[in-house]
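Number of protein chains: 2
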Amino acid sequence: MQAYSHILLAVDFSNNTDAVFERALTMRKALNARLSLVHIVEFVQFDFSSELTMPQELELDQELLELADKRLQQLGEKYGIADSERIVSQGNTKREILRIAEEQKVDLIVIGSHGREGIQLLLGSTANAILHGAPCDVLAVRIRN
Amino acid sequence: MQAYSHILLAVDFSNNTDAVFERALTMRKALNARLSLVHIVEFVQFDFSSELTMPQELELDQELLELADKRLQQLGEKYGIADSERIVSQGNTKREILRIAEEQKVDLIVIGSHGREGIQLLLGSTANAILHGAPCDVLAVRIRN
Numbered sequence: 287m288q289a290y291s292h293i294l295l296a297v298d299f300s301n302n303t304d305a306v307f308e309r310a311l312t313m314r315k316a317l318n319a320r321l322s323l324v325h326i327v328e329f330v331q332f333d334f335s336s337e338l339t340m341p342q343e344l345e346l347d348q349e350l351l352e353l354a355d356k357r358l359q360q361l362g363e364k365y366g367i368a369d370s371e372r373i374v375s376q377g378n379t380k381r382e383i384l385r386i387a388e389e390q391k392v393d394l395i396v397i398g399s400h401g402r403e404g405i406q407l408l409l410g411s412t413a414n415a416i417l418h419g420a421p422c423d424v425l426a427v428r429i430r431n
Numbered sequence: 287m288q289a290y291s292h293i294l295l296a297v298d299f300s301n302n303t304d305a306v307f308e309r310a311l312t313m314r315k316a317l318n319a320r321l322s323l324v325h326i327v328e329f330v331q332f333d334f335s336s337e338l339t340m341p342q343e344l345e346l347d348q349e350l351l352e353l354a355d356k357r358l359q360q361l362g363e364k365y366g367i368a369d370s371e372r373i374v375s376q377g378n379t380k381r382e383i384l385r386i387a388e389e390q391k392v393d394l395i396v397i398g399s400h401g402r403e404g405i406q407l408l409l410g411s412t413a414n415a416i417l418h419g420a421p422c423d424v425l426a427v428r429i430r431n
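Same order as they appear, the protein sequences are chains F and Z.
Using our numbering, read the first sequence as starting at 287 and increasing by one per residue.
Using our numbering, read the second sequence as starting at 287 and increasing by one per residue.
Just so you know, the hints here were simulated from the structure itself, not pulled from any lab data.
Remember, predicted model here, so these are calculated numbers, not experimental data.
Treat the hints with care, since some could be wrong.
If several chains are the same, the list does not tell them apart, and a pair holds so long as it fits within one copy or across any two.
As the list claims (entries may be wrong) - The calculated SDA-like cross-link candidates involving lysine to any residue, where the alpha carbons are at most 25 Å apart (straight line), are:
#1 K315 to E328
#2 K391 to R430
#3 K364 to Q288
#4 K380 to A415
#5 K356 to C422
#6 K391 to A354
#7 K315 to N378
#8 K315 to K391
#9 K380 to I429
#10 K380 to C422
In isolation and in its complexed conformation, chain F is listed as follows (with noise of 0.2 Å):
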């Protein structure tokens, strides 16, 4: 039995990405494993009951893909992971990580988790939404706040 083929890391810009970037690799290394990057841009919410909206929020949609393709760019190239091993999606975070995991014939998600209690919990972090309902085995790497 392999421990992992395929490592999926969650990304999420946020300032502790580092931290589960480091711990992806050493599983990459450890496993010899490949280990492939995604980031969900979540659609924008505009207020639907104007019309004139509608151009701005595809722009903006189209611009924010774009931040964060430039974004995991940068941080592929600071780690040394390869182009096709990128992936930028747009929608509801949750379903798109479990999509493409499932697609990528993914066996091991790695997400970052904050631990938090009370009602984050109850509100449901992205670490907690992608447990629930993967199709495969799941990583929370903790984030130190």
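Given the coordinates of chain F, assemble chain Z onto it according to the supplied hints.
What follows is chain Z alone, placed relative to chain F:
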């Protein structure tokens, strides 16, 4: 950076224990890590309106602890895990696992996860509870239902 040096596998004796064990053993080997097992026996809930139940309660707790000890020993022998790496404790599952993880300087908790959604998510599964508040990383191993 070492991937993980001390893995704590939370065992719940469900039918799918084997899959979680195999994952933890593969990780132990691949990462050259120490692997400990922990099982928590929750306190038996009795009707405290009747004081007659008190001695029964203590007896049942003791029996449950002994049974858990025996089952964990069997699993340890099956998977080649030393006596010294088996911990049976009593109390609230989440609290005890987190306490032991901290005490034993564990850097990865491995736990089975059913990936249930909806009401189960709101009620909070053990994997979910562990994820929130863990002093270290958490690997949720997907159990096929």
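For this session: Check each numbered hint from earlier against the structure, then list the numbers of those it violates in ascending order.
Result: Failing hints, ascending: 1, 5 and 7.
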